[in-house]
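Colleague: So the sequences go chain by chain: A and B.
Last residue of the first sequence: 120 in the working numbering, with the numbers rising by one and none dropped.
Last residue of the second sequence: 387 in the working numbering, with the numbers rising by one and none dropped.
None of these hints come from the bench; they were simulated from the model.
Using N, Cα and C, we set each Cβ at its ideal position, and we do this for glycine too.
Wrong hints could be hidden among the right ones.
Said to hold, decoys possible - Derived pair list, reagent style DSS-like, types lysine-lysine, alpha-carbon separation capped at 30 Å: (1) A:Lys20 to B:Lys281; (2) B:Lys281 to A:Lys77; (3) B:Lys374 to A:Lys77.
What the hints assert, rightly or not - Label pairs and their calculated CB-CB ranges: (4) A:Lys20 to B:Thr330: 26 to 36 Å; (5) A:Lys63 to B:Ile386: 40 to 50 Å; (6) B:Gly307 to A:Pro14: 41 to 51 Å; (7) B:Glu293 to A:Gln23: 42 to 52 Å; (8) A:Ser68 to B:Pro295: 40 to 50 Å; (9) B:Thr308 to A:Ser33: 41 to 51 Å; (10) A:Lys63 to B:Pro379: 19 to 29 Å; (11) B:Glu294 to A:Gly46: 19 to 29 Å; (12) A:Thr82 to B:Ala343: 35 to 45 Å; (13) B:Thr357 to A:Glu50: 24 to 34 Å; (14) B:Glu293 to A:Glu108: 23 to 33 Å; (15) A:Leu61 to B:Glu323: 32 to 42 Å; (16) A:Ser11 to B:Thr357: 32 to 42 Å; (17) A:Glu62 to B:Pro318: 25 to 35 Å.
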Amino acid sequence: DTGVSQDPRHKITKRGQNVTFRCDPISEHNRLYWYRQTLGQGPEFLTYFQNEAQLEKSRLLSDRFSAERPKGSFSTLEIQRTEQGDSAMYLCASSLGELNTEAFFGQGTRLTVV
Amino acid sequence: DAKTTQPNSMESNEEEPVHLPCNHSTISGTDYIHWYRQLPSQGPEYVIHGLTSNVNNRMASLAIAEDRKSSTLILHRATLRDAAVYYCILKASYDKVIFGPGTSLSVIP
Numbered sequence: 007d008t009g010v011s012q013d014p015r016h017k018i019t020k021r022g023q024n025v026t027f028r029c030d031p032i033s034e035h036n037r038l039y040w041y042r043q044t045l046g047q048g049p050e051f052l053t054y055f056q057n058e059a060q061l062e063k064s065r066l067l068s069d070r071f072s073a074e075r076p077k078g079s080f081s082t083l084e085i086q087r088t089e090q091g092d093s094a095m096y097l098c099a100s101s102l103g104e105l106n107t108e109a110f111f112g113q114g115t116r117l118t119v120v
Numbered sequence: 279d280a281k282t283t284q285p286n287s288m289e290s291n292e293e294e295p296v297h298l299p300c301n302h303s304t305i306s307g308t309d310y311i312h313w314y315r316q317l318p319s320q321g322p323e324y325v326i327h328g329l330t331s332n333v334n335n336r337m338a339s340l341a342i343a344e345d346r347k348s349s350t351l352i353l354h355r356a357t358l359r360d361a362a363v364y365y366c367i368l369k370a371s372y373d374k375v376i377f378g379p380g381t382s383l384s385v386i387p
């Protein structure tokens with residue numbers, strides 16, 4: 007197992023376009039998290055899934071953002087009508103979801119909206 | 279979410295021990311103290327966690343004050359690879375990880 011995998015690593019898009027990112031968690035992990043990180047800040051929580059169920063969404067996740075985790079495996083994060091303020095690193099993490107197990111993070115997708 | 283307070287930045291000389299402090303005066307009885315670190319251009323990685331007792335693992339040691347209102351992450355011998363942002367996080371058992379701004383550690387050769 008190579009850990010949490012995110013694709014693409016980098017994405018440049020024009021304002022107003024839609025983008026979709028993919029996250030492949032560690033195979034036996036039932037929890038999957040999305041975070042956003044801007045320069046000089048710690049990662050900000052966006053949403054998380056327990057298997058295929060989306061259990062929590064941050065107020066940071068506007069209507070333009072949608073996340074899915076079909077069949078409880080990989081997850082996608084879509085941003086519609088991108089804005090320059092969406093430029094950030096989008097991080098995915100997974101965990102076993104048991105008592106105090108650690109979260110494993112991917113290397114992130116860096117989004118630049120021009 | 280209970281808050282933690284960490285220095286914005288710290289410096290250490292290579293091969294010397296580093297003590298990274300964290301204050302969490304509003305910690306609740308069920309909060310665990312977790313530490314993650316983020317190397318440049320990488321996602322965060324788990325370092326260590328504890329509840330009341332001091333903890334050791336291959337990466338670091340965690341010293342927790344008796345009243346649990348503060349803790350210290352100890353890197354026994356800093357290497358250049360330890361230069362990173364270190365996050366001290368309070369986390370209820372099954373809850374998500376919530377990051378603050380962390381401490382940026384520089385290691386001087």
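Colleague: Against each hint, give a clear statement of whether it holds in the structure.
Modeller: Against the structure, the hints:
1. A:Lys20 to B:Lys281: Not satisfied, since the Cα-Cα distance of roughly 37 Å exceeds 30 Å.
2. B:Lys281 to A:Lys77: Violated, because 35 Å separates the two Cα atoms, which is more than 30 Å.
3. B:Lys374 to A:Lys77: 21 Å, holds
4. A:Lys20 to B:Thr330: 26 to 36 Å: Violated - the Cβ-Cβ distance for A:Lys20 and B:Thr330, about 53 Å, lies outside 26 to 36 Å.
5. A:Lys63 to B:Ile386: 40 to 50 Å: At 43 Å between Cβs, range holds.
6. B:Gly307 to A:Pro14: 41 to 51 Å: 43 Å, holds
7. B:Glu293 to A:Gln23: 42 to 52 Å: 49 Å, holds
8. A:Ser68 to B:Pro295: 40 to 50 Å: With Cβ atoms ~45 Å apart, the hint holds.
9. B:Thr308 to A:Ser33: 41 to 51 Å: 30 Å, violated
10. A:Lys63 to B:Pro379: 19 to 29 Å: 23 Å, holds
11. B:Glu294 to A:Gly46: 19 to 29 Å: 27 Å, holds
12. A:Thr82 to B:Ala343: 35 to 45 Å: 43 Å, holds
13. B:Thr357 to A:Glu50: 24 to 34 Å: 30 Å, holds
14. B:Glu293 to A:Glu108: 23 to 33 Å: 27 Å, holds
15. A:Leu61 to B:Glu323: 32 to 42 Å: Cβ of A:Leu61 to Cβ of B:Glu323: about 24 Å, so the range 32 to 42 Å is violated.
16. A:Ser11 to B:Thr357: 32 to 42 Å: 27 Å, violated
17. A:Glu62 to B:Pro318: 25 to 35 Å: 29 Å, holds
The earlier numbered hints that this structure contradicts are 1, 2, 4, 9, 15 and 16.
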